[in-house]
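Based on the sequences and whatever the hints tell you, model everything.
As given, the protein sequences belong to chains F and X, one line each in that order. For the first sequence, the positions run 1 to 378 when the numbering used here is used. For the second sequence, the positions run 1 to 382 when the numbering used here is used.
Because the hints were derived from the structure by calculation, they are not lab data. The C-beta atom is built at its ideal place from N, Cα and C for all residues, glycine as well. Treat the hints with caution; some may be incorrect.
Derived pair list, reagent style DSSO-like, types lysine-lysine, alpha-carbon separation capped at 27 Å [what the hints assert, rightly or not]:
no.	chain 1	residue 1	chain 2	residue 2
1	F	Lys258	X	Lys25
2	F	Lys266	X	Lys259
3	F	Lys258	X	Lys270
4	X	Lys361	X	Lys342
5	X	Lys24	X	Lys343
6	X	Lys267	F	Lys263
7	F	Lys261	X	Lys270
8	X	Lys60	F	Lys263
9	F	Lys266	X	Lys267
10	F	Lys250	X	Lys270
11	X	Lys229	X	Lys286
12	X	Lys343	F	Lys261
13	F	Lys302	F	Lys188
14	F	Lys263	X	Lys280
15	F	Lys258	X	Lys40
16	X	Lys267	F	Lys261
17	X	Lys28	X	Lys60
18	F	Lys211	X	Lys162
19	X	Lys246	F	Lys159
20	F	Lys266	X	Lys28
21	X	Lys261	F	Lys161
22	F	Lys211	X	Lys249
23	X	Lys24	F	Lys266
24	X	Lys267	F	Lys33
Chain F is faced by these chain X residues, among others (derived, beta-carbon under 8 Å) [unchecked claim]:
no.	residue
25	Tyr225
26	Gly253
27	Ile262
28	Val264
29	Asp265
Example chain X residues on the side facing chain F (calculated, C-beta under 10 Å, incomplete) [unchecked claim]:
no.	residue
30	Leu250
31	Leu251
32	Ile252
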Amino acid sequence: MIGILGLGNIGKIIADDLGKTYKGKVVYIVRNKDSVKELAKKYNATIRYGDVTKPHTLINSLKGLKVVIHAVHHEYNVNIMKACLKTGTHYLDLGGLYHYTKKQIKLDKNFRKAKLTAILGIGAAPGITNMLAKYGSEQFDDIKNIEILLGSEDLSTYKQKPPIAISYSIQTILQEFTQKPAVFKNGKTVFLEPLTGRKEYTFPDPVGMKKPQYTIHSEIATLPYTLKAKNVSFRIAFDDEFVDTIITLKRLGFLTDKEIKIKENKINVRRMMIEVLKRLPEPVPEKLHQYEIIRVIMEGTKEGRYKQITLDARVEGLNETIDKDTAVPASIAAQMIDKGEIVAAGAWPPESILPKEEFFKELAKRKICIYMNEQRIN
Amino acid sequence: MKFDFVVLGATGEQGKIASKDLLKKGYKVLLCGRRSSEIKDLLRNKNARFAYLNVRDIKKTAGTIKKSGAKIALNCVELRLNLLVMEACLKAGVHYLDLGGLQEMTVEQYKQSKAFKKKKLTALLGCGSTPGIANVMAKHTAEQMDSIEHVDLGFGWDSNIKEFVMPYSIESIIYEITTEPVVLEGSKFVKNRTCYYEGMSKLREVGKQQIYCIVHSEVYTFYKYFKNKGIKSVHYTAGFPEHSHKVLKLLIGLGLGSKDKINVDGKEIKVLDFTREVLKIAEHPKNYKEIENVWVNMKGTKQNKEKTTLMECITKTIKGFEFAGSNINTGMTISIMAQLLKKGLINATGVNAPEACVPCKEFFEELANRKIYIYQDGTKIN
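Dropping the structure here:
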């Protein structure tokens, strides 16, 4: 029995993937049961009430589940892992934005002791990124650089578009724009200023030229150690207009983590801003057509000679969003645990525990294509 | 202490400017507001005192004004509260001045005219830059014409550093940008499209500006006071530099101008209150300076000949008032008009706009004393 904790945008796509590919029972854990009634009916899933901010409801909702995919915000990662230890549930999440991942790794011993598996960050990035790096690592004796780059292009036409296009959790995006990004440089983790490293890079068509920037990401918390790389960086490209908007909001003070007084109330500015942005109308597409490239460039030596390889995951969303690349890896990994294909106890990053060939094979079934040096490999 | 003036909303930007100007002239001023911490500097002046006041409490406001001994109250609070302050002034039996009420509020405010007349009190509406200086400039020109056909007016401004700084009250801007403007066409008030783009305009000292038709009270009051000269049309346009207009549109587009309440951590917060408070904290860039041109272009006849006159008021950031950019012309104008009223140079009773009763010469002279200059057809006249 696999549970999905949180049925937001990504949670719903996970539910869809499990509904189409998993034979066992699926449980949706939500605060508002009515919000997923139709989806549960479609896939014959069970709905349980659970609120990540209320530990007793969380523990009750996890009881009896073999695996849970946590698709709520990453600030709850550690608490949910602890709840899983109490209920004997294997755990997967979609990432911990570096700092949370570091804390989560410390629960490795507890998961080993409980003979449970926790996979930290099994979405697109982290997730597919880690697996591409793992695949590439076998081409080297010694890895000097791992450079991760993400770029996407929205070719859709819209009937209605909000003034700011938010492609994933606005809370995460704001953290990525305001927290200092970690970069692993010459064997050490350094923290740069937010929004640095933004320079032109040309991805294959149809993504084309973008300006990826460093952001805080959990790959930097694991890849330098698991793959023994000297340099690891992560950059993601946002549209110029989007970046301008976020920079403007930041400069005007709308993204500060500080409290301000409004009449008799004190509130956190960023929390309020997130609530304001959540009210924006959803884009109404006429025709959805999105494309994303998750790229990992690796440099190092093999048998004493310099070598460079480029690995891509290419995702085309025709009449569907490219968000499936974040959702389906978790569905695939959860099913692997359920089937007993992953049995190692402990808290692991994907590259340390997932079988890469099988994982890529499953991605191919979902039209997520993996390339090495422009050659399709799945 | 018996006061000369009461300033309501003295802790806001315009209230601070007006209070500073009055204190500089040696008047005794009671500064009313809710956050005395905002005006620590002003309260160091021996002629200044602070009174905590929420103008929604009309009875308390009237009591505070009456007790102050002042005969003139300057209303520098948000325009939606104008009627409440007028009522408090009537109760207290004092003259009233405000910074404008756009069209809707202005129309409502004129309904109080009889009550002010009955008590032989003056209520002077729109004593800022525009409305305010613009109205006196229109009066100056109208006095030189036999008939008036058409008036175009508005403002445009720019800054030396192209970074967004809140130009004036966020509430007023949102209202102006999101409300269908009323224009005078063929002696009739008609609605125009919201923030309708009217093209480029070249303004003295400011340069090229994109101008937009917005709602403003002058359209209403010019017709009221100049219809005897046959005025047929009035258009009001606002010119924002591109970098500022872009951000304003973004803030509104993101919903930051909404009056809805949002629940955050169990607290109900009005979005617009949040936006205003956040923007207050944002500091001006270093060495930031502004320049503004408030203009009135009047077309009419003099001795049966066509005549067109362009009046312009140029305001630059001045030393000691850097926090307000070119907005000093708003707070300083209400201070000047209050002083003219105290000196008996404004004596019309009832509700009036500046074009009805403010003496042009004396007013322009006072503006010049504050480095705010008036041009008529390109020639400086003050």
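Verification of the supplied hints:
{"no.": "1", "hint": "F:Lys258 to X:Lys25", "result": "40 Å, violated"}
{"no.": "2", "hint": "F:Lys266 to X:Lys259", "result": "18 Å, holds"}
{"no.": "3", "hint": "F:Lys258 to X:Lys270", "result": "18 Å, holds"}
{"no.": "4", "hint": "X:Lys361 to X:Lys342", "result": "17 Å, holds"}
{"no.": "5", "hint": "X:Lys24 to X:Lys343", "result": "17 Å, holds"}
{"no.": "6", "hint": "X:Lys267 to F:Lys263", "result": "11 Å, holds"}
{"no.": "7", "hint": "F:Lys261 to X:Lys270", "result": "12 Å, holds"}
{"no.": "8", "hint": "X:Lys60 to F:Lys263", "result": "19 Å, holds"}
{"no.": "9", "hint": "F:Lys266 to X:Lys267", "result": "9 Å, holds"}
{"no.": "10", "hint": "F:Lys250 to X:Lys270", "result": "20 Å, holds"}
{"no.": "11", "hint": "X:Lys229 to X:Lys286", "result": "48 Å, violated"}
{"no.": "12", "hint": "X:Lys343 to F:Lys261", "result": "41 Å, violated"}
{"no.": "13", "hint": "F:Lys302 to F:Lys188", "result": "23 Å, holds"}
{"no.": "14", "hint": "F:Lys263 to X:Lys280", "result": "14 Å, holds"}
{"no.": "15", "hint": "F:Lys258 to X:Lys40", "result": "24 Å, holds"}
{"no.": "16", "hint": "X:Lys267 to F:Lys261", "result": "12 Å, holds"}
{"no.": "17", "hint": "X:Lys28 to X:Lys60", "result": "21 Å, holds"}
{"no.": "18", "hint": "F:Lys211 to X:Lys162", "result": "24 Å, holds"}
{"no.": "19", "hint": "X:Lys246 to F:Lys159", "result": "23 Å, holds"}
{"no.": "20", "hint": "F:Lys266 to X:Lys28", "result": "35 Å, violated"}
{"no.": "21", "hint": "X:Lys261 to F:Lys161", "result": "23 Å, holds"}
{"no.": "22", "hint": "F:Lys211 to X:Lys249", "result": "25 Å, holds"}
{"no.": "23", "hint": "X:Lys24 to F:Lys266", "result": "36 Å, violated"}
{"no.": "24", "hint": "X:Lys267 to F:Lys33", "result": "25 Å, holds"}
{"no.": "25", "hint": "Tyr225", "result": "39 Å, violated"}
{"no.": "26", "hint": "Gly253", "result": "3 Å, holds"}
{"no.": "27", "hint": "Ile262", "result": "5 Å, holds"}
{"no.": "28", "hint": "Val264", "result": "5 Å, holds"}
{"no.": "29", "hint": "Asp265", "result": "7 Å, holds"}
{"no.": "30", "hint": "Leu250", "result": "6 Å, holds"}
{"no.": "31", "hint": "Leu251", "result": "8 Å, holds"}
{"no.": "32", "hint": "Ile252", "result": "9 Å, holds"}
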